[in-house]
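In numbering that gives the first Met the number 0, the protein residues as written are 0 to 200.
I should point out that these hints are in silico values taken from the structure, not numbers from a laboratory.
Treat each hint with caution, since some may be false.
Capping the alpha-carbon separation at 30 Å, the derived lysine-lysine pairs in DSSO-like fashion look like this [unchecked claim]:
| id | residue 1 | residue 2 |
| --- | --- | --- |
| 1 | Lys192 | Lys26 |
| 2 | Lys192 | Lys173 |
| 3 | Lys26 | Lys126 |
| 4 | Lys126 | Lys173 |
| 5 | Lys26 | Lys173 |
| 6 | Lys192 | Lys126 |
This one's a predicted model, so the numbers in the text were calculated from it and none came from an experiment.
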Amino acid sequence: MITRIQGKTLAGEIAVRREPRLTALEKSMLRWVVVDPEDRLLDANVGSGMMAEYLRRNMQCEVCGVSDRMDQVRGARERLRNCDIVYAPAGDIPWREDAFDTVLMKMDAEEPELAERMIAEARRVLKPGGQLILGVMSMPRALSALTGLLVSEEKRRLTHRHVQAMLANASYEKITWQRTGVTMGVMIGWKSKPGLDELHS
């Protein structure tokens with residue numbers, strides 16, 4: 000039998016556990032983001048809104064978010080009342096070109112076509128010289144080969160090499176890969192600035 004005091008303590012513990020927290024992948028992404036005050040950032044998979052809230056509170060920048068799940072949009076709007084959080088189908092970013100200094104995106108996609116579309120959309124909305132921070136779930140080659148024996152070909156995740164090739168094909172520059180855990184890492188790409196010749200033509 001649970002006493003009233005035990006019941007209150009248990010209810011408090013459950014409430015604390017339900018409060019969303021930054022995931023390990025989100026923490027890794029935040030370590031590599033380059034932000035100046037008053038930059039405009041987009042969280043392209045806003046989820047619970049925790050990463051956007053952290054950026055808004057600690058980096059003094061304007062933060063927007065998008066999700067293809069209405070429940071996430073509602074939750075993030077509740078958490079971030081002064082931020083522009085919108086719903087859009089997966090792979091679409093409903094902002095004009097050159098709108099953001101930085102785009103943060105978590106890539107856990109198993110569909111290469113969707114991943115390519117997301118990467119291209121992120122580049123479209125980045126300002127020239129803007130940064131894409133891509134959180135990628137990716138296992139080392141040996142572990143991937145081992146799990147590949149257990150998982151069908153259709154269900155295999157994209158490797159960081161596939162994602163790196165997608166970024167290069169989408170004309171990102173200075174692409175780097177930082178492994179931040181056994182099953183995850185952060186890929187960074189930059190949208191090129193126009194050269195002097197292009198500015199004067």
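Structure-based check of all given hints:
At roughly 28 Å between alpha-carbon atoms, lysine 192 and lysine 26 fall within 30 Å of each other, so this suggested pair holds. Taken as a hint, the lysine 192 and lysine 173 pair is honoured in the structure, with Cα atoms around 12 Å apart against an allowance of 30 Å. Taking the CA atoms of lysine 26 and lysine 126, the gap is near 24 Å; set against the 30 Å cutoff, the hint holds. Under the criterion of a C-alpha separation no larger than 30 Å, the hint pairing lysine 126 with lysine 173 is consistent with the structure, at around 16 Å.
Proximity of lysine 26 to lysine 173 is assessed by CA-CA distance (about 22 Å); at most 30 Å being required, the pair is judged to hold. Of the supplied pair hints, the one linking lysine 192 and lysine 126 holds, its CA atoms being roughly 8 Å apart against a limit of 30 Å.
Checked against the numbered hints given earlier, the structure satisfies every one of them.
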